[in-house]
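Novice: From first to last, the protein sequence lines stand for chains A and B.
Per the numbering used here, the first sequence runs over residues 1 to 383.
Per the numbering used here, the second sequence runs over residues 1001 to 1084.
Hints are computed from structural coordinates only; laboratory data are not their basis.
Keep in mind that this is a model prediction, so the values were computed, not measured.
Hints should not be assumed to be uniformly reliable.
[Said to hold, decoys possible] Derived coverage of chain A by chain B (criterion: at least 3 residues anywhere in the stretch with Cβ under 8 Å from a Cβ of chain B; other residues may be distant):
1) 163–170
2) 207–215
3) 281–290
[Stated by the list, open to error] Some chain A residues near chain B, calculated using beta-carbon distances under 7 Å:
4) N204
5) A242
6) R257
[As the list claims (entries may be wrong)] Restraint ranges, calculated between C-beta atoms of paired labels, are given here:
7) A:E365 with B:A1053: 46 to 52 Å
8) B:E1083 with A:D27: 44 to 50 Å
9) B:K1029 with A:T313: 57 to 63 Å
10) A:V275 with B:R1003: 32 to 38 Å
11) A:L368 with B:P1028: 31 to 37 Å
12) B:A1015 with A:K179: 36 to 42 Å
13) A:A71 with B:K1029: 56 to 62 Å
14) B:D1022 with A:H358: 45 to 51 Å
15) A:R177 with B:D1052: 40 to 46 Å
16) A:E365 with B:A1024: 52 to 58 Å
17) A:R177 with B:D1022: 50 to 56 Å
18) B:R1003 with A:G342: 32 to 38 Å
19) A:P346 with B:L1054: 49 to 55 Å
The beta carbon of each residue, even a glycine, is placed where N, CA and C say it ideally should be.
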Amino acid sequence: MAEFRMPSLGADMDAGTLVEWLKKPGDRVSRGDIIAEVETEKGIIEVEVFTSGVVERFLVEPGTKVPVGTALAILQEDGATPAAPAPSAAPAPAPSRTDAAPVPVPPTPAPAKPEAPPRISPAARKRAAELGVDPASVAGTGPGGAVTLEDVEGAVPRAPEDARSRMRHAIAAAMARSKREIPHYYVNHTVDVTPLLSWIERFNEAAQVPDRIIPGVAFLKSVALALREFPAFNGFWMDGRATPSSGIHVGAAVALRGGGLVAPAIRDTDRLSLVELMHAFRDLVARARASGLRSSEMSDPTITVTSLGDRGTESVLGVIYPPQLAIVGFGRILLRPWVVDGAVAPRSVVHLSLAADHRATDGHEGALFLARIAENLEKPEAL
Amino acid sequence: MTREEIRTLVLRTFARIAPEADLATLDPKADVREALDVDSMDLNQFVLAIHDALGVDIPERELPKFFTVDGAVRELEARLSKEK
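Pulled out of the complex, with its shape left as it was, chain A reads as follows:
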């Protein structure tokens, strides 16, 4: 028997709201299956299960907010024996001798509620009838556990808030916390990406269609590689101090159509080739825009990269996603007059920015980090 618990979907998450169960008791689940949707400050996340087996029963109803680590469901793991029935449940009938091979034991139903009619005030009973609420399903808070008018009204299922407004709320909470708690400092740099663009053009000429890359992927990789030398920007601010992360998991900010954004992590960004990164990034963008992100992708990006792409403005100064330590911004690639070897020439340039937590690092180190990212972009063959 295994408990499926409210996962931590970020170092700063201490509670989450179960939005919906996507499986039902009796369903088979395999490791990696999406079992539920959970709402956090980062939006609604599909949560994966890490054991294979059968869903035995749910412990938490949709709409309930619970702390990280709270058991949400009981799973019957493959190879494990079924759980003994709860003591309060009626004894199971003795199996008849004529039974053939053992059949899977159906999930133990929750203990039935006592049959006695619920204590309820007349006003509450009337209101319950008006609202279509079954008084027996309401937990009473009145004297002796009696169901009060307020209990009835509180039990009316509220219309689910629409996903877009929930996401707005999540972004609002995270960004307000960032600006309230994190003393941002900013450094900027402009880098000539003409060699990068011609390198990508040549790369794509030779590549199969699915393996063609876009500059945004090179941006992600340039940051990931620079973080190896500048680990102070990679990690979290927790318990009053910077806690660098050993893995480099870049969160790629993805704008959603119609508003909102998510920044899912690409695991071990620094260790992926540009083509692998392209596949991962394309898949993430497609699923983020279709709202199908997984819990493991939302867990702890160690830094965020925001790239305005070819439809953006010249520059962007990011807001750090708490409790991360930094965010790197890439503006739109622009054709600009640039001095090359003492002469002015038209070059493709991009504006880089770093917003970092001044509690963890200082401007000089930030400038060196940004310069390293620029150098990585100037040597695309090393990406």
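Starting from the known structure of chain A, fit chain B onto it as the hints suggest.
Specialist: Structure of chain B alone, referenced to chain A:
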């Protein structure tokens, strides 16, 4: 494949990329980057989807020809007839 079938495929592909857009009112001569707020990742997905559906490889330098629905239909028609 007829021109209308190609047009349907092009529109359906853009519809998957920009599901909120009303493609019935999209000007077939409009630049989709503006009209549908399509970025380089979206265009990459468009090229991949066309490749998967028709086996047509759109080289990157030819991509600007696909920035309008009319242009994309014309290019795909030309490429498909050349292959025959």
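Novice: Are the hints correct? Go through all of them and say.
Specialist: Evaluated hints:
With 0 residues carrying a beta carbon less than 8 Å from a beta carbon of chain B, the segment 163–170 of chain A misses the three-residue requirement, and the given coverage is violated. Counting residues of the segment 207–215 of chain A whose CB lies closer than 8 Å to any CB of chain B gives 5, which reaches the minimum of 3, so the coverage claim holds. Look at the segment 281–290 of chain A against chain B: 4 of its residues bring a Cβ nearer than 8 Å to a Cβ of that chain, three or more, so the hint holds. The beta carbon of N204 of chain A is positioned within 7 Å of a beta carbon in chain B (closest approach about 5 Å), and the interface hint is therefore held.
For A242 of chain A, the interface hint is violated, since its Cβ never comes within 7 Å of a Cβ in chain B; the closest pair sits about 32 Å apart. With its C-beta approaching chain B no nearer than about 5 Å, R257 of chain A sits inside the 7 Å limit, and its interface hint holds. Checked against the given bound of 46 to 52 Å, the beta carbons of E365 of chain A and A1053 of chain B, roughly 49 Å apart, stay inside it. Hint check: E1083 of chain B to D27 of chain A, Cβ distance near 47 Å, so the stated range 44 to 50 Å holds.
Checking the proposed 57 to 63 Å range against K1029 of chain B and T313 of chain A shows it is violated: the Cβ atoms sit about 27 Å from each other. As the Cβ distance of V275 of chain A to R1003 of chain B is approximately 35 Å, the hint placing it in 32 to 38 Å holds. The given range of 31 to 37 Å is broken by L368 of chain A and P1028 of chain B, whose C-beta atoms sit roughly 51 Å from each other. Checked against the hint of 36 to 42 Å, the pair A1015 of chain B and K179 of chain A passes, with Cβ atoms roughly 38 Å apart.
For A71 of chain A paired with K1029 of chain B, a C-beta distance near 59 Å keeps the hint of 56 to 62 Å intact. In this structure, D1022 of chain B and H358 of chain A meet the distance hint of 45 to 51 Å, their C-beta atoms being roughly 47 Å apart. About 42 Å separates the C-beta atoms of R177 of chain A and D1052 of chain B, a value consistent with the hinted range of 40 to 46 Å. A hinted range of 52 to 58 Å holds for the C-beta pair E365 of chain A and A1024 of chain B, which are about 54 Å apart.
A C-beta distance of roughly 37 Å is found between R177 of chain A and D1022 of chain B, which places it outside the suggested range of 50 to 56 Å. A C-beta distance of roughly 54 Å is found between R1003 of chain B and G342 of chain A, which places it outside the suggested range of 32 to 38 Å. Taking the beta carbon of each, P346 of chain A and L1054 of chain B are about 36 Å apart, not inside 49 to 55 Å as hinted.
When the structure is compared with the earlier hints, violations turn up for hints 1, 5, 9, 11, 17, 18 and 19 and for no others.
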